[in-house]
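Student: Here is what each chain is made of, one letter per residue.
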Amino acid sequence: MPDERDEDLVAGVRRGSREAAEQLADRHLRACRAVALAIVGEVAGAEDVCQDAFVYAMGHIDDCRRPARFGAWLRQIVRSHARNHLRDGKRDRMVSLDAVDAPARGRSAERADLRERLLAALRTLPEERREVVLMHDLEGWTHREIAERLALPEGTVRSHLHLARKALRRLLDGLRADLKE
Amino acid sequence: MNDDPIDLSALDPMDDEPRWRAFVDVTLRRVDAVLAERAGREDPLDLIASWRRPLLAVAAAAIAVLVPTEIALERREARVQRVERLVAVSSRVADGGRPTAADFLRALGDARAAEGKTP
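So the protein lines, in turn, are chains A and B.
For the first sequence, the numbering used here gives the first residue as 1, with consecutive numbering after it.
For the second sequence, the numbering used here gives the first residue as 1001, with consecutive numbering after it.
Read the hints as simulated data drawn from the structure, not as lab findings.
Small disclaimer: the values here were computed from a predicted structure and weren't measured.
Even for Gly, the Cβ is constructed at its ideal location relative to N, Cα and C.
Any given hint might turn out to be false.
[Unchecked claim] Reference listing, derived: stretches of chain A covered by chain B, where coverage requires no fewer than 3 residues with Cβ under 8 Å from a Cβ of chain B: (1) 27 to 35; (2) 51 to 57; (3) 115 to 124; (4) 133 to 144.
[Claimed, not checked] The calculated label-pair distances, taken between Cβ atoms and stated as ranges, are: (5) B:Glu1017 with A:Ala72: 20 to 30 Å; (6) A:Glu4 with B:Ala1049: 49 to 59 Å; (7) B:Asp1032 with A:Asp88: 25 to 35 Å; (8) B:Ala1057 with A:Glu145: 50 to 60 Å; (9) A:Glu128 with B:Arg1041: 30 to 40 Å; (10) B:Leu1066 with A:Asp26: 55 to 65 Å; (11) A:Pro126 with B:Arg1021: 31 to 41 Å; (12) B:Arg1075 with A:Asp62: 23 to 33 Å; (13) A:Asp62 with B:Pro1068: 19 to 29 Å; (14) B:Arg1041 with A:Glu19: 14 to 24 Å; (15) A:Glu7 with B:Met1014: 47 to 57 Å.
Based on the provided sequences and hints, a complete structural model is requested.
Tutor: Shown next, in the form of C-alpha cells:
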C-alpha cells in the first residue's frame, strides 16, 4: 500500500494493521530521528527518543485527532519525549547505546569522528536553527515544507538555514585547522 | 557568499544501513506488542456497540411474541369473567331468586364493555 494516505494508514493501525504501522515508520521515522537529533544532540539518544515516541504514538493512535496530519502529531510527540529525555538526564542509557555503536566506529573511525564533529558543531546552534538545517540539508525538505511543518514564515526558515550553515562552516573549518595543527 | 548545503551525510541513518534496518525492526517489534495489547483491550463502548444489534433483534422478537399473547390473554380473561357473571345470574334464577333488571344490565353491559361495545 505505498500510495495510501496517512489518514488511511492511521485507520489501518486503529484496526490493528502491522503493515500500516510499518508504512508510517518508513514515511516518518527518519524525520523523527532528525527532530530528536536537533534537541538531544547525539545519535544514540535521538534514536532512543525516536523509537519511544513512535511506539507511544502507535499505542495512542486514537488520540491523533487529525490523521491527515499524522506526521506533525508524531513530531510533536518526539519533541516532548526529547525534552523529557534531556530533563531526566538519561545519560547512562545513552552511554550504553553508544557502546552498541562501537563496531561501527571500528569499521569507520574517520566517519565516526566526522559525525562527532558535526554533532559538536550543531550543539552550538539554537534548537530551531538545528532543526531547520537538519531538515533541509539532511532530510531534503524544501523551505516551504519546513515552514509549513514548523509553523514558521518561509523567510525565517531561509534566514535560520543561512545562519546555521554559516556557523557550522566556521566551526567545522576551525576544527579542521585544529586537527592539522 | 557560500550558502551551499552542509554535507551532513555522516549523520544520515543510511550511512550505516544495517544498523538503521535493525533499529527499524526493533521499533516495529515493540509496535507489534503495542498492537497486540490494543487488540486484547476491549473498549466498553465498543462492546456495547457490538451488542446493540443482537439486543435490538431479541427485543423486537420478544415484542412481536409477547404483545399478541398479552392481548389474547386479556380477551380470554374478559370472556371468562362475562361467562362467570352470566352463570351467577342464571344460578340465582335456578335457585328461585329474582335478579333485578340492574343485575341483567350489569352482566350484559360488562360483557359488551369487555368486548369493546357500548351497552
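Student: Can you list which hints this structure breaks, lowest number first?
Tutor: Per hint list: 6, 12, 13 and 15 violated.
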